[in-house]
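K.L.:
Sequence:
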Amino acid sequence: MPFPFYKQPDQMDCGPTCLRMVAKHFGRNFKIQTLRQLCEINREGVSLLGISDAAEKIGFRSLGAKLNLRDLKEAELPCILHWRQNHFVVLYKIKKNKYYIADPGSGLVTLSEAGFSKNWISDVEANEGIALLLAPTPYFYEQEDEKNTSVTWSFLLRYLVAYRQLIIQLLFGLGIGSLLQLITPFLTQSVVDVGINTRNLNFVYIVIIAQAMLIIGRVSVEFIRSWILLHISTRVNISILTDFLIKLMKLPISFFDTKMTGDIMQRMNDQRRIESFLTGSTLTTLFSMFNLVIFSVVLAYYNVVIFFVYLVSSALYIGWIMAFLKRRRELNYKSFEISAKNQSSVVQLVSGMQEIKLNNCEQQKRWEWEHLQARLFKFNVKSLALSQYQQGGSTFINEATNLAITFLSAKAVIDGQLTLGAMMAVQYIIGQLNAPVQQFLTFIQNFQDARISLERLNEIHEMADEEPIEREFNHSLPQNLSISLNNLTFRYPGAGNEPVLQNISLEIPQGKTTAIVGMSGSGKTTVLKILLRFYEPNAGEIKVGGQLLSNIGFKRWRNACGVVMQDGFIFSDTIERNIAVGDDHPDKAKLAHAINVANIQDLIEGLPLGLKTKIGAEGNGISQGQRQRLLIARAVYKDPEYLFFDEATNALDANNEKVIMNNMQSFFTGRTVVIVAHRLSTVNNADNIIVLEQGAIIEQGSHKQLTALKGKYYELVKNQLELGA
445 MPFPFYKQPD
455 QMDCGPTCLR
465 MVAKHFGRNF
475 KIQTLRQLCE
485 INREGVSLLG
495 ISDAAEKIGF
505 RSLGAKLNLR
515 DLKEAELPCI
525 LHWRQNHFVV
535 LYKIKKNKYY
545 IADPGSGLVT
555 LSEAGFSKNW
565 ISDVEANEGI
575 ALLLAPTPYF
585 YEQEDEKNTS
595 VTWSFLLRYL
605 VAYRQLIIQL
615 LFGLGIGSLL
625 QLITPFLTQS
635 VVDVGINTRN
645 LNFVYIVIIA
655 QAMLIIGRVS
665 VEFIRSWILL
675 HISTRVNISI
685 LTDFLIKLMK
695 LPISFFDTKM
705 TGDIMQRMND
715 QRRIESFLTG
725 STLTTLFSMF
735 NLVIFSVVLA
745 YYNVVIFFVY
755 LVSSALYIGW
765 IMAFLKRRRE
775 LNYKSFEISA
785 KNQSSVVQLV
795 SGMQEIKLNN
805 CEQQKRWEWE
815 HLQARLFKFN
825 VKSLALSQYQ
835 QGGSTFINEA
845 TNLAITFLSA
855 KAVIDGQLTL
865 GAMMAVQYII
875 GQLNAPVQQF
885 LTFIQNFQDA
895 RISLERLNEI
905 HEMADEEPIE
915 REFNHSLPQN
925 LSISLNNLTF
935 RYPGAGNEPV
945 LQNISLEIPQ
955 GKTTAIVGMS
965 GSGKTTVLKI
975 LLRFYEPNAG
985 EIKVGGQLLS
995 NIGFKRWRNA
1005 CGVVMQDGFI
1015 FSDTIERNIA
1025 VGDDHPDKAK
1035 LAHAINVANI
1045 QDLIEGLPLG
1055 LKTKIGAEGN
1065 GISQGQRQRL
1075 LIARAVYKDP
1085 EYLFFDEATN
1095 ALDANNEKVI
1105 MNNMQSFFTG
1115 RTVVIVAHRL
1125 STVNNADNII
1135 VLEQGAIIEQ
1145 GSHKQLTALK
1155 GKYYELVKNQ
1165 LELGA
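Quick note, the sequence shown lines up with residues 445 to 1169 if you use my numbering.
Source of the hints: derived by calculation from the structure; they are not laboratory data. Hints are all accurate, no fakes.
Restricting the straight-line Cα-Cα distance to at most 25 angstroms, the calculated cross-link-like pairs of lysine to aspartate or glutamate (DMTMM-like) are: (1) Lys-956 <-> Asp-1131; (2) Lys-501 <-> Glu-588; (3) Lys-809 <-> Glu-799; (4) Lys-785 <-> Glu-806; (5) Lys-826 <-> Glu-899; (6) Lys-510 <-> Glu-569; (7) Lys-475 <-> Glu-906; (8) Lys-1162 <-> Glu-1137; (9) Lys-999 <-> Glu-911; (10) Lys-468 <-> Glu-586; (11) Lys-475 <-> Glu-590; (12) Lys-1148 <-> Glu-951; (13) Lys-999 <-> Asp-1083; (14) Lys-562 <-> Asp-515; (15) Lys-999 <-> Asp-1028; (16) Lys-973 <-> Glu-985; (17) Lys-855 <-> Glu-843; (18) Lys-999 <-> Glu-906; (19) Lys-1102 <-> Glu-1049; (20) Lys-501 <-> Asp-589; (21) Lys-537 <-> Asp-567; (22) Lys-562 <-> Glu-488; (23) Lys-809 <-> Glu-488; (24) Lys-468 <-> Glu-588.
From just these sequences and the hints, can you work out the full model?
P.N.:
Okay, here's the thing in structure tokens:
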């Protein structure tokens, strides 16, 4: 029985995929998403500790060890190996110094001892590599198989149902085209057998005119069909992509922390394959098959022997092409992986150009990109070689068939079984039959591509929404808007990561300003992100009034929050639409108030188009200070119940900061405000200041109380105020 193999869907999925293969080998099926969560995958991938923890949670005994080749040969297989220092594979068999590897990135491979050692040995001096040994426990066999619920073809066909009238017109046009083509061989035969044999030129004129009219009719039908097809394909394309974006926007923010940009962009490109398959290959192939049946009957009517020769050669042709499908699938996955890395690399080069030039690392980054292009070239060489083998064999089969049929039809004419006109008709029919066979094979390849793309899209569609439909959320806030954190603990995904927050309990009173300060890495921004529900805490609870924050709808909660984050995003749009995000018709009074509070009039007045000036990636460049003032204006325009500021003024000059903080004081009135900051000027007027250190609260009180304590807060601010002078 062959070892079960799964391909890793994304660049960082090698660890969970290896564990999935081992679990399947022992008779249990787990979804990749389940294993991802158990491995605590993040953007850097997974560690051996993460895979070990996940393995134990599903019922394996696990042991991570450094082994030499002799020890490995005595170990129980399959086991998971750390491969080339940056990857995981499964070793499932060793036989006669041959090592059998299941590599989730490239497939099942067999290596010699030298080739194996080169990839696995990490400690060259000790001649040892790292392995995770796994053995199932009774608990493993108590686990129930997880069924892979997939987005089926019927789900995709509903995109076509919406355009059923156009599709009926399309099918009608294809039917007419097929009938027009069917008449042509009989006309060709009549020209030779009647027109030429009887030397009747008038008859030839009539047949030629008839053929010309048929050609005009067929071309007209093709034109109409092309327009209808364009209309359907464009709309289906937009529908599939829109639904994908809708799903993407329903996913929790934490999802985007574990995905590379290139992976998401490649998935968006995948929908084009599905659209092309649904609207192009499927409909065309349907009528190609119709043509195949009709012309096969006509060919059999002319000569049964020629028909059987054609049938056998077509079977050979199809068999030859099908033999390459498995290898094409492997190359398709490889193409996805390399293309995703290439896209991420290009995005990184363009967006990071400033840092590249400042650090004089142009050559290093270019070489990294060129190394990726070299990999892409090697992949293209393999892809071309496969295509050439496939094309060469199919061309040989086709040409051999044509020669055999030419000989048989010529012999039939000589033997008096066929007329010369019938021979020409047979040649025309063979030409018409070749196209459907080739289209059918193209259809099989497109079907394979679309299925692979569907699997990747399905992975996104299978993920749980941030706000699942089946769960009821409260869509109104309680009257008491105070927030309380009770014994809150949180650590970022990744096995072995220490908690960023440990048993934090604090009160954020309604209508008051609470500041959170501390050294870098103390957990200040994390508190803010948990309050904004970017992540769910590992332990403890958050309450708004007496209501659990987890029971309040995400949209309702975020609608009540005005936020300025350190890495806030400026859209490539006008200043007006950047401030009034989500509002198609901005309120002029609110806009003016937001601009005044954020003290951004000078920027707007200095631009020729004022509020209508386009900024961001495609417009005018703005400074960090101007960017922060825009983000503050955006938060003010929202007119929220809560305000969350994360270093909201750290890029501002002292004058602007003073003006804005004075403006903000009146805006803060009656609102619940949480400020994360280093600058004393931002927090000294806060009603309560929380001091964090290594994820725990060590001090809290007003500025006056904490200064008098001469503790950690005093140390943090004394240099700013020269208190120690």
